[in-house]
Amino acid sequence: MILRELTLDLPRTAITALVGPSGAGKTSLIRLLNRLDDPAAGEVSFDGRPIAGYPVGRLRRRVGFVFQTPTMFPGTVEDNLRTAVELDVQEAVDDVQSSDSVLDAVGLSAEYASREAGRLSGGEQQRVSIARALMTRPEVLLLDEPTSALDPEVAERLLATIARLTRERGVAAVMVTHRLSEARQISTHTVMLEAGRLVEAGPTAQLFTAATSARARAYLASAD
Amino acid sequence: MISTPSTATLDVTWPDLALVAMLVLVAIGISRWQRLGLERGFVVGALRATVQLVAVGYILVYLFAATRWWLVLLALAAMLLAATTTATRRRRGEAAPGSRRTLWGISGTAMLVSSGLTLAYVTEVVLHVRPWYDPRYLIPLFGMIVGNAMNGAALAAERFASEMESRRGEVEAYLALGATPARAAAEPVRRALVAALIPSINGLMVVGLVQLPGMMTGQILAGQSPLLAVRYQIVVAFMLTGATAMTAVMVVLWYRRTFFTAAAQLAARVPV
Chain A
9 MILRELTLDL
19 PRTAITALVG
29 PSGAGKTSLI
39 RLLNRLDDPA
49 AGEVSFDGRP
59 IAGYPVGRLR
69 RRVGFVFQTP
79 TMFPGTVEDN
89 LRTAVELDVQ
99 EAVDDVQSSD
109 SVLDAVGLSA
119 EYASREAGRL
129 SGGEQQRVSI
139 ARALMTRPEV
149 LLLDEPTSAL
159 DPEVAERLLA
169 TIARLTRERG
179 VAAVMVTHRL
189 SEARQISTHT
199 VMLEAGRLVE
209 AGPTAQLFTA
219 ATSARARAYL
229 ASAD
Chain B
871 MISTPSTATL
881 DVTWPDLALV
891 AMLVLVAIGI
901 SRWQRLGLER
911 GFVVGALRAT
921 VQLVAVGYIL
931 VYLFAATRWW
941 LVLLALAAML
951 LAATTTATRR
961 RRGEAAPGSR
971 RTLWGISGTA
981 MLVSSGLTLA
991 YVTEVVLHVR
1001 PWYDPRYLIP
1011 LFGMIVGNAM
1021 NGAALAAERF
1031 ASEMESRRGE
1041 VEAYLALGAT
1051 PARAAAEPVR
1061 RALVAALIPS
1071 INGLMVVGLV
1081 QLPGMMTGQI
1091 LAGQSPLLAV
1101 RYQIVVAFML
1111 TGATAMTAVM
1121 VVLWYRRTFF
1131 TAAAQLAARV
1141 PV
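One line per chain: the protein sequences are A and B, in this order.
Read in order, the letters of the first sequence correspond to residues 9 to 232 in the numbering used here.
Read in order, the letters of the second sequence correspond to residues 871 to 1142 in the numbering used here.
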């Protein structure tokens, strides 16, 4: 068992950072949120409804997931974006984003559409995978250490993009990170996990300056 | 001047077999000379081949004489069981969600259905075998069908498992976007089927060029017209193609289900 006795409310309109040492269960937690995994016990709710009650495909289009290592589908960037849409024939077509608008949202120019996705740099691929997740107009974006494979400068720009995205599109983001500086920089809420348990959660500014638990203070002092 | 070949088959006696065993001794001699350490293997292999073939010979003599439909079906079932077990033997270190028992059931059922349909079609619709259970036709034909289906099933399952393993990230990326398991695993399915079917195409391409197939050789040696032997061989080549394709697609599509949960998640892997 990786996570235990965890009760948590994630705000709908904000960037929530999930921090904690490796092995704390951060990735395991966000994988539960769009049912890439199911908990052995307990319940996850979205919009006040248990997520097991949603058709799983529909849930995953409302709660997008961006993996730590981007995986490009075969073909161009445009193909990648179109694939995301074509996965569901039921969904109304007019609700779908244009590829130009999502590319713009992730800070890629329209000319990227015709580029071979597999040949892009790591940072560009990560932007494409965010754009791909945006194609179905998700309300929440789960990001699993999206910057961990990127060099600091590229990571910095990606964070700025994510922050802008949530501001301008009203997408809530839940981002796993092991860099406290990242959490402090872009998140409004921070959740700290350790060994599968919740250590502390609250507004980022408050958690970083006046953590109430000794464990949280120790972690904040040791890291960064 | 053209000499007329005799139509009678030459007899092979036990002393003749002793003479032909000299050729195995040549192989053993080479192994000793080059210090290959394969002598034991040759001896055991030659003995096993002799014993197995003689035993099968007696079984066939009995089946052909008895001509009971249920004895024939029993023999076919035994062949299917042996083939299924061989097809599902896994390599060490291979990881897949289903147990070996699951794969055994899937492969066995797929081979039963595809080989059974193929055999029924060929013997009833094409050849009009009478009585329908005539073991002189059913047993050799089924042996060839099941042998090929076995290779197709093994190749398809093995390739599918390894593609699912190496493309785990890609498959999960599709799932995360709301794809169904069928869509998420489309590429592994395609690759597994191609891998299982390429040998069939290669077989069709070179048949008769590199090597005369065993059955055709047998018929020619037994004094049949080569033209009839060739027509039989075409029946065999085409029936094997169909049976292999049916087996492979059934195995892969069914096996795919074991890699996902009902909630479209990747199932946990159990190392084999």
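There may be inaccurate statements among the hints.
[What the hints assert, rightly or not] Some but not every residue of chain A turned toward chain B, in silico, with C-beta under 10 Å: (1) 14; (2) 43; (3) 66; (4) 73; (5) 75; (6) 77; (7) 79; (8) 83; (9) 92; (10) 95; (11) 228; (12) 229.
Just so you know, the hints here were simulated from the structure itself, not pulled from any lab data.
Glycine residues also receive a C-beta, built at the ideal position from the N, C-alpha and C atoms.
**Prompt:** What are the numbers of the hints that this structure violates, sorted from low to high?
**Reply:** 1, 8, 11, 12
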